[in-house]
Amino acid sequence: MGLESDSLSGGFHDPVFQGQAVFRLVMDAMARPGTLQTVTDDTGAPSPLGIAAGAIALTLLDHDTPVWLSVRLQKSALPGWLSFHTGAPPAPEKAEARFAFIEAGAPLPSFGLFSAGTQEYPDRSVTLIIEIASFEGTTPLKLTGPGIAGGRIVHPSGLPDGFLRQWAENHVLFPRGVDVVLTAGDRFLCLPRTTRISAGAL
Amino acid sequence: MSDLAAYNFAYLDEQTKRMIRRAILKAIAIPGYQVPFASREMPMPYGWGTGGVQVTAAIIGPADVLKVIDQGADDTTNAVSIRAFFAKVANVAVTTHTDEATIIQTRHRIPEKVLKEGQVLVYQVPIPEPLRYLEPRETETRTMHALSEYGLMHVKLYEDIAINGHIATTYAYPVKVAGRYVMDPSPIPKFDNPKMHMSEALQLFGAGREKRIYAVPPFTEVVSLDFEDHPFEVQTFDKPCALCGAENVYLDEVILDDRGGRMFVCSDTDHCEERRACGCVGELGVKEAAE
Amino acid sequence: MYVAVKGGETAIANAHRLLADRRRGDRSLPAVSSEQVIEQLALAVDRVMAEASLYDRDLAALAFRQARGDMIEAIFLLRAYRTTLPRFGVSSPIDTGAMLIERRVSATYKDLPGGQLLGPTFDYTHRLLDPTLLEDGPVEEGAERTETPEAVMRVSEILAQEGLIEGDGTLGEDEGGGDLTREPMEFPMSRDLRLQALARGDEGFLLALGYSTQRGYGRTHPFTGEIRIGEVEIEIDAPELGYAVSLGEIRVTECQMVNQFKGSAKVPPQFTRGYGLVFGQSERKAMSMSLVDRALRAREFGEDIVAPAQDEEFVLSHCDNVQATGFVEHLKLPHYVDFQAELGLVRRMRAEFEAARTASESSDRKEAAE
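Residue numbers (my numbering), protein chains in the order written: chain A, 1 to 202; chain B, 1 to 291; chain C, 1 to 370.
Looking at chain A on its own, in the form it has when it is part of the complex (with noise of 0.2 Å):
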């Protein structure tokens, strides 16, 4: 019953201009890596997805979008609901997932088994999207690349381990490549793959 429930409800209320705004910060955000945006609708995905990471899969889910999910995210009753409001269905192998998601802690499975495109189709990959803790860290990360003007700095709190080593690898593959977003509760970012990380202040 629990479970049920939890899949029928939330989503968006009006799915038509809230699908538009919250497109339009993915939008923002992938054109200017690294800028916080803020999500203000709660859609009611069941934890432990976030709010940002709910509202961004009711955005750009469909029937034809594979999605894999984290083994936390799996146990939950974020399947159903992602099946009831989206109709994804779910992606047999993380090679076949349009869309990818991870919930705050878990471990990064390895860039590599996700689909990175080809050399002739870069644009047939997985987009990621990983909950971290906060963008209140103390580390700073410098970002740079398209999009950017002279440099971003960003401080992204709980990174999982090995995602800058793997960032690093992911943007040796250009033009394929895998895209990121970052997402901590109502915020997010977007890391497109032309994006550069490096330790330190601008």
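A portion of the hints provided could be inaccurate.
[As the list claims (entries may be wrong)] Computed cross-link-like contacts, DSBU-like style, restricted to lysine-lysine with a CA-CA straight-line distance of at most 35 Å:
#, chain 1, residue 1, chain 2, residue 2
1, B, K176, C, K332
2, B, K176, A, K142
3, A, K142, B, K113
4, B, K88, B, K113
5, C, K110, C, K262
6, B, K176, B, K239
7, B, K116, C, K332
8, B, K116, B, K239
9, B, K116, A, K94
10, C, K110, C, K332
11, B, K113, C, K332
12, B, K176, B, K116
13, A, K142, B, K156
14, B, K113, B, K156
15, B, K176, B, K156
16, A, K75, A, K94
17, A, K142, A, K94
18, C, K332, B, K156
19, C, K110, B, K88
20, B, K156, B, K239
21, B, K116, B, K88
22, B, K176, B, K113
23, B, K239, C, K332
24, B, K239, B, K113
In short, the hints are calculated from the structure, not lab data.
Given chain A, put chains B and C in place with the hints provided.
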């Protein structure tokens, strides 16, 4: 048949918008790469901006202010028609003022006024493939992009120089984006190419008939292809705009009579009107106050 | 002083008003009704449905009237409407073997089970203008068959009994569900998508290409195994009921072309096939389609690709008349910004040419004087 005219906000159904939105995000993540998308049949002909219209329809919301230009002008018939389409199906605010617009859909020009953060420029694109006229096959050009094999393009430009003494491409002049993909900037005059480089605005390109979407994020390098001994240069005009006196803008040639009389006026009508409203006058213009 | 041309909105409104006026024509004549178009201009309605890939006679007739009889414009109108319709599901493959046949001809056998049935064909009419049509005189009813119609065996099945023709083939798991109106084109293209593109393709374009294969540009040695026109049932699987539900009947034209045989060390020679299937009654289109389908299978059969009709990317990228007319006609939209760019370059090159000539002439004179 009574429900024939019931269309969704911004005409496209939500599933189509999601498909286009996902394509836009990947396009932004791979600057200059043409993302194939399942372009829909729009209620206006292919060639009239169906790609741009689909991109605009996928991103536009009630808070947006839309400007539509064709040849730089807000009052060309197709610009009027597309603006009216969105005013009708999306009920959004429209403007002719470049700085008031959040989304500017364009055919063949980039506005003279420098675009700002928060603005999106949506280009209508007829042939998105910069290599198409050198190699008509999609299967071949896709491999060339995959391998970054752009020698053919340089050969073509160099042949121009050998034959004509100049690079004979004056519009849709190819650019390299973020050091990787060679991209067709749509048929804008090469005069506008430098405006793409490190622009604060997000630039999205939609080709409906050819089913491609591509993008240049803000603050991204856009370099027009050239040679050391033949550096890229933009068009210059001998005279300023005859109406507002503007220099360093792109001008339209207007034929005044059948005896060779002609004048040159701003192609960007909003820019010209704004200048005239501020009292700028060209040699054939009149002071606004006098009207 | 000069005043820039303004008033695009008024101009457009006036153009639309005049268009409506011309569409209606002489008001003293009764307006043509959709029912009249459906009944009396049925083949025009069929072509609109076929190339719009939407089977709806009422809407096709409306589009035809709205387009003032311009076929491509009518096809465009219906397609733009089709694109807004939701997809409820995919029907089971239609069974043309079970077709309720109105016409069926084979060029490969003198007689065969089910017989040759001419049906409502222009084939043996003498093309003499008929003045009696100027009067709305009485028209005889068509002659009706007395026997109950039965399923008529397809010629491909007759040939298959001896293994003389390639089989229908089996659909792979990932095949058959393609829809190029919902996915971007990608080459090489699977045959289901190719056939969809051809079924929507422009009749005139396919006719010309099919004709070119007959004249040697990708010859396929075709025999019309069979053409059949009639009604077939559309069924959709209803998993909750456990059986297929009928949605109704549609009229289609099917053409199976029997082509040059193919064999190998492992497989004895057998005839190959080209396939055409079109909404409504359109034999010319179905035949052209089957010729082009067979030509496009050149790679599959290891044939040299030397002719336009065999070139998949060329044929499929250009067979859509709504796309073609859009891009050709868009040339009438303003291009003065780009033209100005070309004007500037040509003027500059001419000036440089003149300067060079003057310079060389003056140096010639100088030399002559020295």
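Item to check | Violated constraints from the hint list, given by number and in increasing order | outcome: 9, 10, 13, 19
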